[in-house]
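A.B. asks: Fit chain B to the given chain A structure using the hints.
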Amino acid sequence: MAAPQPESKIIELKPFTDEMIVSMGPQHPSTHGVLRLELKLDGEVVRDAIPHIGYLHRCFEKHSENLNYQQIIPFTDRMDYIAAMNMNWGFCLAVEQLMAKEEGKFPGVPERGEYLRILIGELNRIGSHLLSFGTYGMDIGAFTPFLYAFRDREKILLLFEKICGARLTYNYIRVGGVSRDTPPGFMDEVKEFIDYFEPQIDVYNSLLTANRIFIERTANVAVMDAEMAINYGITGPNLRGAGLQWDLRKDETYSIYDRFDFDVPVGRDIPELGVVSGDCWNRYKVRMDEMKESVRIIRQILESGLPDGPVQAELKAVRPPKGEIFSRSEAPRGELGFYIVSDGTPKPVRVKAKSPCFTALSALQELSRGLMVADIIAIIGSIDIVMGEVDR
Amino acid sequence: MPVGLQSALNPDAMGFENLHQFFVQASENWAQRFAQEHAPFLAHLPAPLGELAIMLACCVIFVAVVPLLPLGLVLAERKVSAHIQDRVGPMRVGPHGILQTLADGVKLIFKEDHIPREGDKFLFVVSPYIIFACSFAVFAAIPFGQSILVSNLNIGIFYIMAISSVVVMGVIMAGWASNSKWSLLGAMRSAAQLVSYEIPIGLGILTVVMLVQTLNMQDIVKGQDGIANWIVFRTPFTFIAFFVFFISAIAEVNRTPFDLPEAESELVAGFHTEYSGMRFALFFIAEYANMFAVSAIAATLFLGGWHGIVPAEMLPQGGILGFVLRAITLGGLIGVVIKTLLLVFVMMWLRWTLPRLRVDQLMNLCWKYFIPISFFNILGVGIWGLIFPTDTLLSIVISVIVIILGLIFTFGVLGKSLSKGPSNSAERRISATT
Numbered sequence: 087m088a089a090p091q092p093e094s095k096i097i098e099l100k101p102f103t104d105e106m107i108v109s110m111g112p113q114h115p116s117t118h119g120v121l122r123l124e125l126k127l128d129g130e131v132v133r134d135a136i137p138h139i140g141y142l143h144r145c146f147e148k149h150s151e152n153l154n155y156q157q158i159i160p161f162t163d164r165m166d167y168i169a170a171m172n173m174n175w176g177f178c179l180a181v182e183q184l185m186a187k188e189e190g191k192f193p194g195v196p197e198r199g200e201y202l203r204i205l206i207g208e209l210n211r212i213g214s215h216l217l218s219f220g221t222y223g224m225d226i227g228a229f230t231p232f233l234y235a236f237r238d239r240e241k242i243l244l245l246f247e248k249i250c251g252a253r254l255t256y257n258y259i260r261v262g263g264v265s266r267d268t269p270p271g272f273m274d275e276v277k278e279f280i281d282y283f284e285p286q287i288d289v290y291n292s293l294l295t296a297n298r299i300f301i302e303r304t305a306n307v308a309v310m311d312a313e314m315a316i317n318y319g320i321t322g323p324n325l326r327g328a329g330l331q332w333d334l335r336k337d338e339t340y341s342i343y344d345r346f347d348f349d350v351p352v353g354r355d356i357p358e359l360g361v362v363s364g365d366c367w368n369r370y371k372v373r374m375d376e377m378k379e380s381v382r383i384i385r386q387i388l389e390s391g392l393p394d395g396p397v398q399a400e401l402k403a404v405r406p407p408k409g410e411i412f413s414r415s416e417a418p419r420g421e422l423g424f425y426i427v428s429d430g431t432p433k434p435v436r437v438k439a440k441s442p443c444f445t446a447l448s449a450l451q452e453l454s455r456g457l458m459v460a461d462i463i464a465i466i467g468s469i470d471i472v473m474g475e476v477d478r
Numbered sequence: 441m442p443v444g445l446q447s448a449l450n451p452d453a454m455g456f457e458n459l460h461q462f463f464v465q466a467s468e469n470w471a472q473r474f475a476q477e478h479a480p481f482l483a484h485l486p487a488p489l490g491e492l493a494i495m496l497a498c499c500v501i502f503v504a505v506v507p508l509l510p511l512g513l514v515l516a517e518r519k520v521s522a523h524i525q526d527r528v529g530p531m532r533v534g535p536h537g538i539l540q541t542l543a544d545g546v547k548l549i550f551k552e553d554h555i556p557r558e559g560d561k562f563l564f565v566v567s568p569y570i571i572f573a574c575s576f577a578v579f580a581a582i583p584f585g586q587s588i589l590v591s592n593l594n595i596g597i598f599y600i601m602a603i604s605s606v607v608v609m610g611v612i613m614a615g616w617a618s619n620s621k622w623s624l625l626g627a628m629r630s631a632a633q634l635v636s637y638e639i640p641i642g643l644g645i646l647t648v649v650m651l652v653q654t655l656n657m658q659d660i661v662k663g664q665d666g667i668a669n670w671i672v673f674r675t676p677f678t679f680i681a682f683f684v685f686f687i688s689a690i691a692e693v694n695r696t697p698f699d700l701p702e703a704e705s706e707l708v709a710g711f712h713t714e715y716s717g718m719r720f721a722l723f724f725i726a727e728y729a730n731m732f733a734v735s736a737i738a739a740t741l742f743l744g745g746w747h748g749i750v751p752a753e754m755l756p757q758g759g760i761l762g763f764v765l766r767a768i769t770l771g772g773l774i775g776v777v778i779k780t781l782l783l784v785f786v787m788m789w790l791r792w793t794l795p796r797l798r799v800d801q802l803m804n805l806c807w808k809y810f811i812p813i814s815f816f817n818i819l820g821v822g823i824w825g826l827i828f829p830t831d832t833l834l835s836i837v838i839s840v841i842v843i844i845l846g847l848i849f850t851f852g853v854l855g856k857s858l859s860k861g862p863s864n865s866a867e868r869r870i871s872a873t874t
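Those protein sequences? They're chains A and B, same order as listed.
Using our numbering, read the first sequence as starting at 87 and increasing by one per residue.
Using our numbering, read the second sequence as starting at 441 and increasing by one per residue.
No wet-lab data here; the hints were simulated from the structure.
No false leads were mixed into what you were given.
From the structure, some residues in chain A lie toward chain B, with a derived Cβ separation under 10 angstroms:
id	residue
1	Val108
2	Met110
3	Ser116
4	Leu127
5	Gly129
6	Ile226
7	Leu294
8	Asn297
9	Arg298
10	Phe300
11	Glu302
12	Val307
13	Ile462
Keep in mind it's a predicted model, so treat the numbers as computed, not measured.
Backbone N, C-alpha and C fix where the C-beta goes; we use that ideal spot for every residue, glycine too.
This is chain B alone, in the form it adopts within the complex:
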């Protein structure tokens, strides 16, 4: 048996001394086990080849599965928006319109592939692929289950941040290469927005990392067994950090109320105004993949990842019953997907309800509110860590009490405006002045 596989079977022998070991670490997953059980010939290949084959298998599976997400999400968005807006949405293609996205995809493939004559041809062609590749590469480090993970990187969350920052490059390239002023404006807005909102996102992640003291996505999840251990409830500061992270994530994926880079009523379509056909489809797919990715990251970091509401040891292990119970208590692969889709739904809900911010208001929100709040969170988590070096029942109970008191206080102070709905109180103030 090749050295690589041997050490992969023996977790104690793992380390990160070299690239070889790096690959081995990456293969501590279901694809590798699957390969061993069902394709033992891989084990007879020379060491690098066998690992390479496993890596490729993982990649192929993810590359095959992940593009299906936007397919579903686009339809979901259209249906959600339709029902919010008192419509029925697509109904013609397939039963209840479920094949509409597929039909749109086919249409986009057959559309003319237009490149602006005065544009920068190379950058124009290459930028959709950069955005597409980056938004898909993020999925490599998101754990969807105890062993459902392409690559168990020890710097997983750092890798995700790094890769998702590259998207901004693709956006600027697309805006510049289009040789259109609207595209350029969109690209500049996008650059400013993405770079700014990276900071609250990074600081939000940092609060989690300070608490769990690891950058490994899998290790971050492993500590969150049962709802009491979910990081969002573990300290009051991570509770705030979750909201800061999630709102910043909405800005990061350019969705209303932060969809300035592609504000259709202002910049026509922003940085992808000049794109058509399949290149446009790539932007579109990447947008939805991104949306799913940031929601999955939020679910992993704050909402327990593949750990459910009930601690795993309290549930029957194995069998269909165990699987179903895990799924019901939001654990396992299905649990992660449910949590992620819930967050995605919130994003869609916001998009079809709220107007768009102006560019200066967007920057104000980031630099004047989110970043100071994030620094406060980091300070708070640091002090919390000093008081409670390890998580105990006491610390969690205190945290939950503080969160509840904080919520009551916030609702009491900010208003009646929050508890009775901002609209009503504003309406009342409006009518009181007449």
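So here's chain A without its partners, still in its complex pose:
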């Protein structure tokens, strides 16, 4: 029986210099909120990066058990506060599907309501991706894209303010439709914005996407191939960046997305640029392309015009039948799932949110091993997490 030799093992395990443990966050300029990373550094090289979460935990799920379904919607605003419309939508979709389980309980969302949901949802997707683009530029060191992105996101927020009165936490999409109709002249303003915004995407691409230094910093960094992405349960732009064409809007159509013509951009290898599918650059580029697709969808709505009619279904009460549902929708950061258990009362028994950011964050540790400190920043930016959604 061979005796263990701890001494020699220690020497073998230490081919590198002393490890330094650095606590990155929760107060750090580019951890996108209150994420804390426990970095084990060997000089500049990251041996391990352990994410510590929970700094923004607000007991969303527990709160929900003591509230009416309608009252929960404002809480979903505070999950992914960058794309609150899509959070509202995801939750309302789940409740509607649960209600529809009983015949005659849910008459369906009116046509105008569906159109408004898609219009607002896609506008919010653009706003969310703009923020992601801007902060990613800032993470990599380019300050200017950030202000360009915020300038344009401001226009979207002004539109939202006009339609629902709020700039960040909208509480606009309700069970059965949306809370109110468009103000006069709203669609003209949307058209004005889209006409202005579409060429801006090319400006961003020439400013940052194709910048040589930016490509050097992000190409072939932290490659997450499709297999790894699926194993981790990664969804949304991060999954599509790995080259997998999977978008719930197309593959598991909800609302009236099947009536619109749009593509699902995916990551790809570009050998001339050193870009590999699934790297930081591709995850970023997918978002830039998705903005174009969102613009396409909004253009189609503008062309057809909003149908007349009510925006909200006539519901006697939001009281789903006894049962449970898992519903998912395509939020800007990935598949947002809601699992709701109802006992037939106006309050749910259990609400569980499946957050795309949480799964994306779980891959961080494996992605960042062996890279440099600067790459960690590039990874956090490229998986585009919002801590409000991770911690809930």
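C.D. replies: For chain B alone, kept in the frame of chain A given last:
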């Protein structure tokens, strides 16, 4: 009249035998003339005292003027960045916000002076002053005009290199003394970066020194009368050296795309994370003074210094007309300042446009590109010197032709990517693959 002043008036009597003569040499400038004309009592002081007084006068004037540069540059940076970013920048303090920096300075003075409890107190306190002093001492040897110079050192450019290398010590001290891991990381990055980029800078200077065969800043400028004699155009190799020098200088003053030591998105604020109040302001002032200094050195070494586009003898001498014409043709004090500010603007422009390199890419750029290119330049300038021992019209014409051909060749080879903008071609390649 004391010996010192007497010999100062008689340039032929100058030499560098001893420290005494060293001071005399230093006083061959406007401050000394000013003192003689307006404060003749200095001449009646005993020799060392009189010289000392003149030296002090020079120092006081420079120490009073140079800190005003960052004041203006900080505002300029904020305005330049604002306009690049579609903003207006500071507008509230004073007309068009011109007093904003002053207000910030006042705020910084009143801020709490915090020293980390576990830090090394002495090093923590002393390092801002080292950086501050070094970045200001550089100005002593930069000629801003025929006689506007604190100290006309015969080893001027060598002195500048030596003094600016000391900055790295202050950075490491600040990083170490802060007792913060972010500061330490920033300091180590800074040490690696500054030490590496000293080499291409030194080699870039060496190409100039080989050409003019002097280390004296004033003599380097004196040979550059008229744009054809500007060192940047004199040989094709100095043309390359100018760009290598300028890019390395950006790295030397820690500005984007080389601002790794204080990369705010990675290391919070790098080596000065723990500093607050006036000590932080010293780092800040030193950064901008450094930026101006390296730009001024680049303008002096390569872009003719206080010599303008038109040779001096072709312009009317003296009078307001002469002064204005000199300024317009980028000569004299105003000419140097314009050239320097143009280079400073380029630095700001880059900072607000480009992302940041990673630390290994930064080192690659230095060791794999700049240093070999610099050695090539030195070889080239040596061979050029053998072929053209003195500058003639022929050599300058050949040089300009080679530069133009080289530019056409570079643009043709590297791309369409350069001539049509790298972004567009990359975009096209991206879209071609879909």
